[in-house]
Amino acid sequence: MSTTVDTQQLTAKDLATDQDVRWCPGCGDYSILKQMQSTLAEAGIKKEDTVFVSGIGCSSRFPYYMDTYGIHSIHGRATAIASGLKATRPELSVWVITGDGDALSIGGNHLIHSLRRNFDVNILLFNNEIYGLTKGQYSPTSPKGQVTKSTPMGSLDHPFNPLALAMGADATFIARSMDRDPKHMRAVLQAADGHKGTSLIEVYQNCNVFNDGAFEIFTDKGTKAQHTLFLEEGQPLIFGAENEFGIRLNGMKPEVVNVADVSAEDLWIHDSKDMGKAMLLTRMFDDPRKENGLPRPFGIFYQEDRYRYEEVLQEQIDHAVEVKGEGDLDKLIQGTSVWEVV
Amino acid sequence: MSTTVDTQQLTAKDLATDQDVRWCPGCGDYSILKQMQSTLAEAGIKKEDTVFVSGIGCSSRFPYYMDTYGIHSIHGRATAIASGLKATRPELSVWVITGDGDALSIGGNHLIHSLRRNFDVNILLFNNEIYGLTKGQYSPTSPKGQVTKSTPMGSLDHPFNPLALAMGADATFIARSMDRDPKHMRAVLQAADGHKGTSLIEVYQNCNVFNDGAFEIFTDKGTKAQHTLFLEEGQPLIFGAENEFGIRLNGMKPEVVNVADVSAEDLWIHDSKDMGKAMLLTRMFDDPRKENGLPRPFGIFYQEDRYRYEEVLQEQIDHAVEVKGEGDLDKLIQGTSVWEVV
Amino acid sequence: MSSVTEKKEDVIILFAGDSGDGMQLTGSLFTSTSALHGNDISTFPNFPAEIRAPQGTVAGVSGFKLRFASMDIFTPGDEVEVLVAMNAAALKANLDQLKVGGTIIANTDGFDKKNLRLAKYDEEANPLLDSSLDKYRVIEMDVTKMTRQALVDSGLGTKEIDRCKNMYVLGFLYWMYNRSLDSTQTFIQEKFAKKPEIRDANLKVLKAGYYFGDTNETFTTRYDVKSANLPAGRYRSIMGNQATALGLIVAAKKAGLDLFYGSYPITPASDILHELARHKNYGVKTFQAEDEIAAICASIGASYGGSLGVTASSGPGIALKGEAIGLAVMLEIPLLVINVQRGGPSTGLPTKTEQSDLMQAIHGRNGEAPVVVLAPHSPSDCFDTAIEAARISLEHMVPVMYLSDGFIANGSEPWRFPKAEEIEAIKPRFADAEKDLDDGVYYPYRRDEDLVRAWAVPGMKDLQHRVGGLEKDFETGNVSYDPENHECMVKVRRAKVEKIADHIPLQSIEQGEERGDLLILGWGSTYGAIRTAVRDLIAEGHQVSHAHVRYLSPFPKNLAEVMSNFRQVLIPEINDGQLVNLINAEFDQRAIPMNKIKGLPFTAREIGERAKEMLVK
Amino acid sequence: MSSVTEKKEDVIILFAGDSGDGMQLTGSLFTSTSALHGNDISTFPNFPAEIRAPQGTVAGVSGFKLRFASMDIFTPGDEVEVLVAMNAAALKANLDQLKVGGTIIANTDGFDKKNLRLAKYDEEANPLLDSSLDKYRVIEMDVTKMTRQALVDSGLGTKEIDRCKNMYVLGFLYWMYNRSLDSTQTFIQEKFAKKPEIRDANLKVLKAGYYFGDTNETFTTRYDVKSANLPAGRYRSIMGNQATALGLIVAAKKAGLDLFYGSYPITPASDILHELARHKNYGVKTFQAEDEIAAICASIGASYGGSLGVTASSGPGIALKGEAIGLAVMLEIPLLVINVQRGGPSTGLPTKTEQSDLMQAIHGRNGEAPVVVLAPHSPSDCFDTAIEAARISLEHMVPVMYLSDGFIANGSEPWRFPKAEEIEAIKPRFADAEKDLDDGVYYPYRRDEDLVRAWAVPGMKDLQHRVGGLEKDFETGNVSYDPENHECMVKVRRAKVEKIADHIPLQSIEQGEERGDLLILGWGSTYGAIRTAVRDLIAEGHQVSHAHVRYLSPFPKNLAEVMSNFRQVLIPEINDGQLVNLINAEFDQRAIPMNKIKGLPFTAREIGERAKEMLVK
Ligand SMILES: Cc1ncc(C[n+]2csc(CCOP(=O)(O)OP(=O)(O)O)c2C)c(N)n1
Ligand SMILES: Cc1ncc(C[n+]2csc(CCOP(=O)(O)OP(=O)(O)O)c2C)c(N)n1
Ligand code: SF4
Ligand code: SF4
Ligand SMILES: [Mg+2]
Ligand SMILES: [Mg+2]
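Residue numbers (the numbering used here), protein chains in the order written: chain A, 19 to 360; chain B, 19 to 360; chain C, 10 to 626; chain D, 10 to 626.
With the rest of the complex left out, here is chain A (with noise of 0.2 Å):
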């Protein structure tokens, strides 16, 4: 259902739907939808305008609650839609929102697919590295060992690195934030907004039911300035809760300084258009438990402008216009060698 609202100044109340918001208590989709709501609704956007595709998850259910045109679809194939739907209808703004298990499990291969051939889409991808909807069983990104319903005795799989996987797959923009992190979670979806092509982010969002805690240490005001590094174009690579450690790149391994200890130019520049950085960027990815590892980036890892295939598409069939003129039907029909049987 819908309900008629005057678009001109849009809140994000008006976003909303009538639909009570299902997600267990305390669940961090809530903050999610909150952000994206205020996102949009600032960026005044046009909701018929507007599509959001999911697949199925808790996460998925989220189309429900965005009062603008939505595909709750099935298990996986949320990017798999988007294509199809951005592919004939450029001019729509189309939002994928996804889990840890949709988008990586089932979904793994549109997911690569559609960040190499670059659809103006953006993909939030929930990660909570647990199955949620199915109560309960470890995911791709859930940690070696992780004991969960269906591995009583720990899970065996190497988990993915996402961000490293969509690096591999040729994304042209990826960025990673958190549901506890309001502000910053805004500001990336704007900046996937802005992003013409394929924008990946990986939210960290936490299951309080079936994995709780699990981003806790980045999340957790008094480990988070530890643990987390929030990146800022042109910026040094430093955190810590006064800022006193920064990044440093030795050869390919980066290695944590004290800033007092070391020349501002040593430092790791952040530049988002840094192929190379990036891949590195994705690659810091210690495991928390681990003593002194390296923080966890947040923020935007890399974007770069590669033609969206919509566009080609579209040009494609203009050019043919232009060459060989409106497809006429008679033509059509009749091919190139026609008889007449009097």
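It is worth saying that the hints were derived from the structure and are not from the lab. Built from N, CA and C at the ideal position, the CB exists for glycine as well. A portion of the hints provided could be inaccurate.
[Said to hold, decoys possible] 30 Å max Cα-Cα, derived BS3-like pairs, lysine-lysine:
1) B:K349 x C:K566
2) A:K153 x C:K101
3) B:K153 x B:K65
4) D:K123 x B:K153
5) B:K52 x B:K242
6) A:K342 x D:K123
7) B:K349 x C:K101
[Unchecked claim] Which stretches of chain A does chain B cover? Using the computed rule of at least three CB atoms under 8 Å from a CB of chain B, they are:
8) 72 to 83
9) 184 to 194
10) 331 to 343
Go by the hints and put chains B, C and D with the ligands onto chain A.
Below, chains B, C and D with the ligands alone, put in the same frame as chain A:
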């Protein structure tokens, strides 16, 4: 059908079957088959302990021509089938034969998941940048603009960089070879066979019917030396007819230098254990048509020793037996709370 | 003080509350206690589709229906006698199931303004205050308050304290039905062994509830449900998915094989994976694949390697496996495909039950790709049917589809379990170079009198061969495009499946005479409802019988004959008419469909009434 | 010198050679020439499964059967009159199709030791030398030698020269059947415009072959096949996949929509993708997806966006689309799913024809998920049926399955094509805020009298709504777990499909009387064979009629009645009995199956003989 032979001193011939090889005359597949047969004969494998699993495609006919066990399965699923086989029969030597469509298009998801899980399986990816069996549509590795049956105006997709994708999926062994260099191919096959974990070998294979000469620049005597770079562990990256050129790393950027102009230590020394460097190597992927681009590397890009899925799976079982004792069926059936009706 | 004790034969309690209230646990604990008490039992959990639908709303109500009796019962029953309502929504959602004169145990704390509003009761209306519940006996207790009182000095926080509420209710019901607290106490001690304070809190509240009944003036009646006169033997209570898992483990052992279970989680099949993963010491290898296609393909790889390869899912996931099932048909290797059906089409009603995937099981693939299809009919029957399915698959080198559903999967009943030694061994037909080599040449697709080829697995010397999805030569198994050979192979693959009818039991009549006015023919989870309905119809003197089809493909040889002895045949199904479609396509006698497509099982009454309509005609 | 010219009504030529010999091209060139000559034509290409099976072997033989006649014909025919054998294998593979007294044109160069060995002729045996061909008229010519001679000073290499061999044979046949070289010459000029030397070589050899007939002493008879008296009008020759593609483009334009075609290549469906990709100037968007699931999902996305979304594959790929088809059923949006069937199960016989995916089309999904199923019956009929399928899908908001097969897809026939303006417009039922908003609220699942909901696509102001695969409320479309609502929606989705029967033509009798002894009921590509057989049976005085079902779900309302007017009903299918199964499940009258599962179409004779067996009874 199979015929008994004494497996003492196998020859390549012993590994051939009674089936006519049904590839087009001149197809690159012949050479790969030959190298495989002689490599395995040399390695002195046991035919009955070796299994070839393939999907669908010209390349996937391969198992019919190897007198070992074999499954010519369905399109894109060979890696998934091999996973179940290896998980239950760790002692077998399992080879997956696949094509650029089979592995990277329909089979993309199973490929990346088997790479991260790291079963001890060898994957041979016959890359001919075309769909051969279906008579010539472009594939996920075809360069943009390729004119094929399905793309009369040229393909639009930005192609995959298969080895970069494999790195993104945390593969533990990544290599590239070509049908036209038997010696190199045998060496790579041996190394892959030796690697404990999933080996991904991309083989440039010429489809002389639907995509003839796709790799000519790398295989043709006249141009090969200029455009190929053969990686040797611990050796500097050099190429050219007289090895007159070398690669130097300028920050994250590889650049071509005259060996004469630089001192040996300035050159990039190949270290297949260095993930950062390996990632950059996979990105030495310039369009050969491009003026003075970087040469295309061949050989072993990366290898890492990571636990094998089938091993830890077995360990869990052994551990469970240790702790709970061999399963007793009656205990299992009666469970924990029983009552008697008399 | 003394209290009257009244005997009862058959009681149905419905525990209903917010998904957070732990009603499922409360129900299952009461179940095992009653089972141990020797009652016959039947249960039906009914959860909301959301992990946690909004608290306090009707959508968020989670229910657990328990029926226990001193006589044989086959269903969770129709009319509820005691409704435990932890909040207003729970009452609203379930009142229609409560029989007139039934008892409502209401947690008054769950009927405050907020809860009444969330449950969408009209302004100011409160069922506990107005007269709307006059038809029933209402027992009010402020569970929250009393639980908190019981734990004032437990040192626990309110959140933890409130988590014990369900124990209070449970304790009270144990008192009301004269039950011993032992098994529940043991359970609590084990579960919270590591958290002594939680353990003690639960134990304390459990007893508090019990004593409340004992000491409280207001209720003076207690009920006693004697143990049922079930056939003598040793019993346990078991759930369907659990029984399926145990059956698979036993089948593999009985065949001398390892069990490989490749699966991708999906409701309501996931619990089989969870159960199997707990039994690794039986050599079970579980593999959570990246998707359903990988899951079945991995299982095919395992089967090819000589293990018992099993894969499971529910409707949408099975749809994805169609192509790979076709491959297994072509390879002619063992493979067990389990479908725990749920409401469809598409994502449909994931937590509701349905029998609507039968046609998919039979026809859901390209080409002529016949498979064997079996369906268990009750939670404990899952054990036997799983073993039977594995036996057929292994001994006949053919994929077998096993059609359970949400109702069976999550339901439980007492099970007079067998001794392992009583279960017959399974004998796969392995190849053997000694006898199968024909002057040095191996012909992998030669067949025995059952048209079954031998199973040659990697590692067997001199039997190397190649299999694949292309049509193969009748003898050599090599790829063949020969027209005659193709027709021959299509017929052979079907004949092989049909020949299995020689190895399965003839269709029997469950209940009633061999001939009569009406045969009620069922399959799968409709068993209990039909059985109960037919018992009553016969008691009323009708010439009605019940037959239940376990083997849906191939049918038992005598099925047509069994039907032919009845004037009419009624086929009740939780779908829009699928078995009836297969029957009418194959036999001349026309069966009549009876369909319910509400995500809920039939009640015995519904079937009984429909039957009577037909009988008056 | 003069040569006798003999009139003929009906000729069947089979061009056979190594896959390298260009027989497919030769055949299609002769086809267009004959078509232009005004003959009725019917063709049947038959290639090996391998891209290039081993040269010279029987497995490597590629054949093209062409029938052209001065009368109406409906099949490529049974007995071949002229067999062109470019090598020994070609002769061996096809001799059994040549009628006694038929002509063999043998390329002697293809009968050397090597070729005889590859064709597995016994040592020293050479059919051209021994007496094994005495029953036939053998014309030997050393095509290779003569081609090379013709091009000695062409400056081309032998490889290129030998590529012209087929032109020599073609030229000779043109002479033999009094054909003009014009259209072939034009073709060569266009094709090799950029390679003058190749162009000239081909032209030269073509003429050489022609003159060879003219000047050579040995053959003095020529044949003349007058133009058929086809109904007056303008004709072209068309292949099935091509006609399907054109139909889709026309349908989209007639609906005022863009066409989106999401597909993953697979034999024999790929040519539709190839054809569509050539017509981008008609606004056609083709998308080669990463797999079949992505292909259908992209098409669903396009449909949701307001385009005509179409996806196509063959059996194995359709199996993968089952889950997504279920989603489209649930969403109730337009979607066209094309299955160009091939030999199954599994990978089966990719290059052979079969009708074995009908059951999959009807039942191959989880849950109760009814779709519409249509099947074209001949190459040109693909055009009309594709438009009809699109019309139903767009006007009734329902997925439609379109079942073509390899025989239709690759076969060709003359087509009296319509004018674009004669084709009726398609009217999708788009939503409209003006009338569909109900005080400000939009109800996306409200339905009209045909139970069809309106199509609200993104961009339409104030009609924002959410759709999905979960069961939805009858009115609001919001997720609903209500039991009654689910049953209602399952019934409504089926009723919507059944109501389409009100909008399709009643089942007609193609040929013969309204009542009689035998009705031969067909669907799809069996049309030509049945039609021919029935024509002959009627001519012989039998009371036989032919009806052909285009609408397989829902059936035309009067189908049962049409059948009831015949004593017996025979259903010939290229499968193990699928339509017959549907008919017998639904109607009381029992139809009799006739099945051929050889990857080949029926011959008229096979059907005629079976019919006679039934008529004597
Ligand atoms: C084809 C299919 N397979 C499996 C499922 C069951 N299923 C639904 S959601 C899900 C995974 C959910 O995990 P994720 O994508 O991480 O989303 P979350 O619930 O954690 O937000 C699974 C396995 C399904 N609905 N359909
Ligand atoms: C499910 C399914 N989809 C599509 C096909 C058709 N098909 C067979 S092989 C192939 C691609 C072949 O390309 P590639 O994997 O590169 O192998 P190649 O023939 O080039 O060696 C396709 C699309 C199929 N057989 N099965
Ligand atoms: S299960 Fe986890 S992810 Fe799903 S709604 Fe509840 S808290 Fe959120
Ligand atoms: S089509 Fe290409 S890849 Fe296939 S066999 Fe022929 S040459 Fe090789
Ligand atoms: Mg998740
Ligand atoms: Mg290829």
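Each hint tested on the structure:
{"no.": "1", "hint": "B:K349 x C:K566", "in the structure": "violated (37 Å)"}
{"no.": "2", "hint": "A:K153 x C:K101", "in the structure": "holds (26 Å)"}
{"no.": "3", "hint": "B:K153 x B:K65", "in the structure": "violated (33 Å)"}
{"no.": "4", "hint": "D:K123 x B:K153", "in the structure": "holds (28 Å)"}
{"no.": "5", "hint": "B:K52 x B:K242", "in the structure": "holds (22 Å)"}
{"no.": "6", "hint": "A:K342 x D:K123", "in the structure": "violated (50 Å)"}
{"no.": "7", "hint": "B:K349 x C:K101", "in the structure": "violated (43 Å)"}
{"no.": "8", "hint": "72 to 83", "in the structure": "violated (count 0)"}
{"no.": "9", "hint": "184 to 194", "in the structure": "holds (count 5)"}
{"no.": "10", "hint": "331 to 343", "in the structure": "holds (count 4)"}
Comparing the model with each earlier hint shows violations of hints 1, 3, 6, 7, 8; every other hint is respected.
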